[in-house]
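Student: Residue numbers (numbering that gives the first Met the number 0), protein chains in the order written: chain A, 0 to 473; chain B, 0 to 90.
Incorrect hints may have been included.
Straight-line alpha carbon distances no greater than 25 Å define the calculated DSS-like cross-link-like pairs of lysine-lysine that follow [claimed, not checked]:
id, chain 1, residue 1, chain 2, residue 2
1, B, K19, A, K400
2, A, K437, B, K19
3, B, K26, B, K56
4, A, K196, A, K145
5, A, K400, B, K26
6, B, K56, A, K17
7, B, K69, A, K54
8, B, K6, B, K26
9, A, K400, A, K17
10, B, K19, A, K61
If you want a taste of the chain A side facing chain B, the calculated C-beta under 7 Å gives, among others [to be verified]:
id, residue
11, P9
12, N41
13, I43
14, A74
15, A82
16, I85
17, H86
18, S88
19, A90
20, L94
21, E412
22, S438
By construction, these hints were calculated from the structure, which means they are not laboratory data.
For every residue, glycine included, the Cβ atom is placed at its ideal position computed from N, Cα and C.
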Amino acid sequence: MTLETPLNLPFLFRRIPKTNLTITSGYNGAFCLLEEESQIENLIRNNYERLPQDKLNELEAKSLISTQAEYALKASLHASSLATQIHRSLAKPSLFMIVPTLRCDHDCRYCQVSRAPINAEGKDLSENKIDNALSLIEAASGDDLKIEFQGGEPLLNFEFITEFIGKAKIKLQNKNVSYVICTTLTNLTTEIADFIKDENIQLSASIDGDADTHRHNRPSKYYDSFDLLQEKRKLLAEKNLDSKTSYIATVTRPSLGNAQELAEFFNSLSIDSIFIRPLTPLGFASSTARSIGYTADEYMDFYTEFLKEIIRINTQGTLFVDEMALIHLNRIFRPGSTQYVDMKSPAGLVLGSLIINYDGKVFGSDESRMLWEMTHSKELIIGDITLSSDLDFTHIAKTLKDSFLFALPGCSECAYQPYCGADPIHHLATQGDPIGNKSDSFFCNFQTLMYDLLFTMWHNSDDARKVFRSWLKL
Amino acid sequence: MSQTFIKLTKEKYSENLIRKSLYWLPKECPWTLDENDANWLITFHLGGGNCAEQLHKLLNDHILREELDKQTNLLRSEIILSALKKVQSDS
Chain A
0 MTLETPLNLP FLFRRIPKTN LTITSGYNGA FCLLEEESQI ENLIRNNYER LPQDKLNELE
60 AKSLISTQAE YALKASLHAS SLATQIHRSL AKPSLFMIVP TLRCDHDCRY CQVSRAPINA
120 EGKDLSENKI DNALSLIEAA SGDDLKIEFQ GGEPLLNFEF ITEFIGKAKI KLQNKNVSYV
180 ICTTLTNLTT EIADFIKDEN IQLSASIDGD ADTHRHNRPS KYYDSFDLLQ EKRKLLAEKN
240 LDSKTSYIAT VTRPSLGNAQ ELAEFFNSLS IDSIFIRPLT PLGFASSTAR SIGYTADEYM
300 DFYTEFLKEI IRINTQGTLF VDEMALIHLN RIFRPGSTQY VDMKSPAGLV LGSLIINYDG
360 KVFGSDESRM LWEMTHSKEL IIGDITLSSD LDFTHIAKTL KDSFLFALPG CSECAYQPYC
420 GADPIHHLAT QGDPIGNKSD SFFCNFQTLM YDLLFTMWHN SDDARKVFRS WLKL
Chain B
0 MSQTFIKLTK EKYSENLIRK SLYWLPKECP WTLDENDANW LITFHLGGGN CAEQLHKLLN
60 DHILREELDK QTNLLRSEII LSALKKVQSD S
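Bound conformation, chain A alone (with noise of 0.2 Å):
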């Protein structure tokens, strides 16, 4: 690199907010972190003789940069770097979701729309719909497929998810084919744990921290949700179903002073990873915003305390995993390894999922299914599977087209637009527009303030960074 002048790739950059570093990404996803404020002005206008000849040399090694001699060469790699992105995010979708059914015998404060009470009629799937379901998803996908059954609670309409996998052995013969529950565990008897173990079902249950954060934000009727929570777990480990079943946290406002409890807690239940996540805007009423609902710097300051416990965790000899961190990790380090629906260009919606609803209606993705529930707008629908199997991409298409990260306002010169993905229907819902102002989007916000917290642990932390390589393989 001293015996010519290099020249420029193209390349996005962002100042780190409370630093003084600067991230810059290519198109090739790789990234490097400039140490001081002026070498981003120096790179830019091409004064190299003041940047350190390391950095020159991390810059030219991960083709942001080029000697005249390789240029052509670092452009053809992009252009192949590139289209393996298209080819990757116009793959078929690999997630199913079904609703057996949208009763629950939770009150969840943040989910208002998604449940119906326990007794409700007309609201669980019909088993004579399961051919149809069927269908439709063996010409959706493709070799490799995830199945996945939400509620309401799905285990209430047990019976509809053993016939449905009892066909699908059928129909779905020559795919791979993996199946999720996503429960309160609740319902659980030893039954269903039996039916679980012998079709080698994931469980992804939900728990929000402690006795009183869990009873607080998932309420129910009929008893003491955390301590019937407790019971079902000794009935999993005792039919040795510990390690197919995961957990995930929903964070409210209460919660936002007790990180570090959280992480502890967490850790405390001998599990060895959580999926902690901050609420959806949709689903549940503007009042209910203000009692549990926070701004995404809030949700950051507490995540930033909660990751940096969990790392103290891991480097006390604890393997423990923050799957929220690793997925945004892999989408750095190993692009490709995440089918992760909130993070694909072009949105995930259909492409990445789809959703057939307790009344056989078909959704690009769950806030889809939760943005009509709140609207009932025809335009979200793009399947019945109790007329056809066949879907109708009319009205999504004109979604999709405009979520494209490379030429959206806001996003098209984002140094994190290699890593993230678009959200229209998240948009649609907080801002009435599916492309949306991202200086005032939640989603925005929260992703890009999480990758500034993971390039700045990588970049200062020895410690994040050893963790961070642990969680990844590397």
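Following the hints, complete the assembly by docking chain B onto the known chain A.
Tutor: Using the frame of chain A, we list chain B on its own:
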């Protein structure tokens, strides 16, 4: 609270650059954009704060992005065209 006015020359700042910078100002900095023949006229309605400072930082970074865009625009077109050809030939 008094308003703050900023005048920026059209010769130096494109409309695109001005609007991209204003886009990222926080809610605490409500603004309006006006113009005359030679200048962009920006008003911060709540005055005070560091809205003007934040705008200048954003303008500086967008000027850098414009400069990088000039250097790499042609190459980016070639990369995208080449990528699309690869996608077409692979499918």
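Student: So which of the earlier hints does this model not fit?
Tutor: 5, 9, 10, 12, 18, 19, 20
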